[in-house]
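Novice: All the letters of the sequence shown, read from the start, carry residue numbers 2 to 341 under this note's numbering.
Check the hints yourself; a few may be wrong.
Result set (BS3-like, lysine-lysine): computed pairs, CA atoms no more than 30 Å apart in a straight line [as the list claims (entries may be wrong)]:
1. K93 with K127
2. K93 with K199
3. K202 with K127
4. K80 with K47
5. K170 with K124
6. K289 with K85
7. K202 with K124
8. K51 with K93
9. K242 with K86
10. K80 with K242
11. K148 with K202
12. K93 with K148
13. K104 with K199
14. K51 with K202
15. K199 with K242
16. K47 with K202
17. K93 with K237
18. K104 with K86
19. K245 with K86
20. K124 with K148
21. K240 with K127
22. K240 with K86
23. K51 with K124
24. K104 with K124
25. K51 with K237
26. K80 with K148
27. K237 with K86
28. K86 with K148
29. K202 with K104
30. K47 with K148
31. K289 with K47
32. K148 with K199
Keep in mind that the hints were calculated from the coordinates and are not lab data.
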Amino acid sequence: MSAEPEVKEKLETMQVNGDHMEEEKEDLVTPWDVAASSITGVDYDKLIVKFGCRKLGEDLVERFRKITDDEKFLWKDMKVDESKKMARENMKDIIAVGFDPEKTFMFNDFDYMCPPFYENICKIWKVVTGNQARAIFGFTPEDSMGKAAFPAVEAAPCFASSFPHIFGKRTDIPCLIPCAIDQDPYFRMTRDVAPRLKFPKPSLIYSTFLPALQGAQTKMAASDSNSCIYLSDTPKQIKNKINKYAFSGGQASIEEHRALGGNCDVDISYQFLRFFMDDDERLEEIRKETLYLFYPADLFSKIEVSNAWGERGREWNLWRGEQLDLKQSGKPDMAKVKSE
């Protein structure tokens, strides 16, 4: 996939300091770590070129959803029960934001490892060498065996034969994966091995990151309660987190702010509104207020909007989450699958 010319041009630009040329610092974006070199956050135009992606406009409706509880266990300092609990909360969040349970099969890796799923994992292990895995993921001798083995577990759901209780014996059904762009290494590997296994290559829709409360240089992470807002947070908790942790785009003094204005690109409350506010005209008004007023852009309105979002998410979480056990299929009945 070819990138847009202006994106390529941006990638080739250099920062000029007197007579010296200095390359721009690189953002660190991997499936396990995200750290931007600029306070404005990740340079997505540059990342699109690096990962060989292109920008996308349209969205799709039919959805699968895998919960990587085992990945959390392997990469984070937590016990199996803790990662399972976090996975269950992730499922509730997914339902809360609007995924239709009638169209969404949810599973976690610890509970759903049926024989056909594991067969695909073994096939992937066989065709990807250790050198290839190290080149793609940067594994070191100090990393656990589980980390080196996990990419195949992440890749297996891309193939229809991993879900015989849904697709039967068909292997020709393509897969579309919506995910954050830091997951790209997993699926570049998957697209490489798919033809060798006689499966269609998966397609990807990458999203940008929701910035952490402390600033756009890293993403919001559920494992850090001070960096994120949970759908289960109360309006009071959301207000307290924004007041205490949200990075402001205001200047250091009244005089500087009057002279320079605020900076919407780094104001986290404003960035949240870009994600969650439906009224574009009101959002533009707030942007102008951030630029020209001393106080951070309509702070109380932003808290009110965040509270409304948090309250709506919490209510949806409770309403839809009550049905979670009924909607999760879990491990398929393999005796039934084999008889079909």
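Novice: Run every hint past the structure and note whether it holds.
Specialist: Structure-based check of all given hints:
1. Restraint check for K93 and K127: not satisfied, since their Cα atoms lie roughly 35 Å apart, outside the 30 Å limit.
2. Taking the CA atoms of K93 and K199, the gap is near 35 Å; set against the 30 Å cutoff, the hint is violated.
3. For a cut-off of 30 Å, the pair hint linking K202 to K127 stands: about 18 Å separates their Cα positions.
4. Between K80 and K47, the direct Cα distance comes to roughly 37 Å. Violation of the 30 Å bound is thereby established for this hinted pair.
5. The hinted pair formed by K170 and K124 meets the criterion: a straight-line CA distance of about 17 Å does not exceed 30 Å.
6. Taking the CA atoms of K289 and K85, the gap is near 44 Å; set against the 30 Å cutoff, the hint is violated.
7. Only pairs whose Cα atoms come within 30 Å are accepted, and K202 paired with K124 is accepted, the gap being roughly 15 Å.
8. Distance check on the hinted pair: K51 and K93 sit about 34 Å apart at the alpha-carbon level, beyond 30 Å; violated.
9. Using a Cα cut-off of 30 Å, the hinted pair K242 and K86 holds, with the two alpha carbons roughly 23 Å apart.
10. Distance check on the hinted pair: K80 and K242 sit about 27 Å apart at the alpha-carbon level, within 30 Å; holds.
11. Taking the CA atoms of K148 and K202, the gap is about 23 Å. The hint holds against a cut of 30 Å.
12. Distance check on the hinted pair: K93 and K148 sit about 26 Å apart at the alpha-carbon level, within 30 Å; holds.
13. Proposed proximity of K104 and K199 is supported: the alpha carbons are some 27 Å apart, at most 30 Å.
14. Using a Cα cut-off of 30 Å, the hinted pair K51 and K202 holds, with the two alpha carbons roughly 20 Å apart.
15. In summary, the hint linking K199 to K242 is not supported, as the alpha carbons are separated by about 49 Å, beyond the 30 Å threshold.
16. Our distance criterion of 30 Å between C-alpha atoms is met by K47 and K202, whose separation comes to about 24 Å.
17. As the CA atoms of K93 and K237 are separated by approximately 21 Å, the hinted pair is consistent with the 30 Å bound.
18. At most 30 Å may separate the alpha-carbon atoms for a hinted pair to count; K104 and K86 meet this at roughly 23 Å.
19. Restraint check: the Cα-Cα separation between K245 and K86 comes to about 27 Å, which is no more than 30 Å; the hinted pair holds.
20. Between K124 and K148 the alpha-carbon distance is near 17 Å, which keeps this suggested pair within the 30 Å criterion.
21. For the given pair, K240 sits about 51 Å from K127 by alpha-carbon distance, which is inconsistent with the 30 Å threshold.
22. Pair hint K240 plus K86 holds up; C-alpha atoms about 26 Å apart against a cutoff of 30 Å.
23. Annotation: proposed proximity of K51 to K124 holds, straight-line Cα distance about 28 Å (limit 30 Å).
24. In summary, the hint linking K104 to K124 is supported, as the alpha carbons are separated by about 29 Å, within the 30 Å threshold.
25. Taking the CA atoms of K51 and K237, the gap is near 41 Å; set against the 30 Å cutoff, the hint is violated.
26. With a C-alpha separation of about 15 Å, the suggested pairing of K80 with K148 holds against the 30 Å cut-off.
27. About 24 Å separates the Cα atoms of K237 and K86, which keeps this hinted pair within 30 Å; it holds.
28. Restraint check: the Cα-Cα separation between K86 and K148 comes to about 21 Å, which is no more than 30 Å; the hinted pair holds.
29. A threshold of 30 Å between alpha carbons decides the hint, and for K202 with K104 the separation of about 22 Å falls inside it, so the pair holds.
30. Taking the CA atoms of K47 and K148, the gap is near 28 Å; set against the 30 Å cutoff, the hint holds.
31. About 28 Å separates the Cα atoms of K289 and K47, which keeps this hinted pair within 30 Å; it holds.
32. With a CA separation close to 26 Å, the supplied pair K148 and K199 stays within the 30 Å bound.
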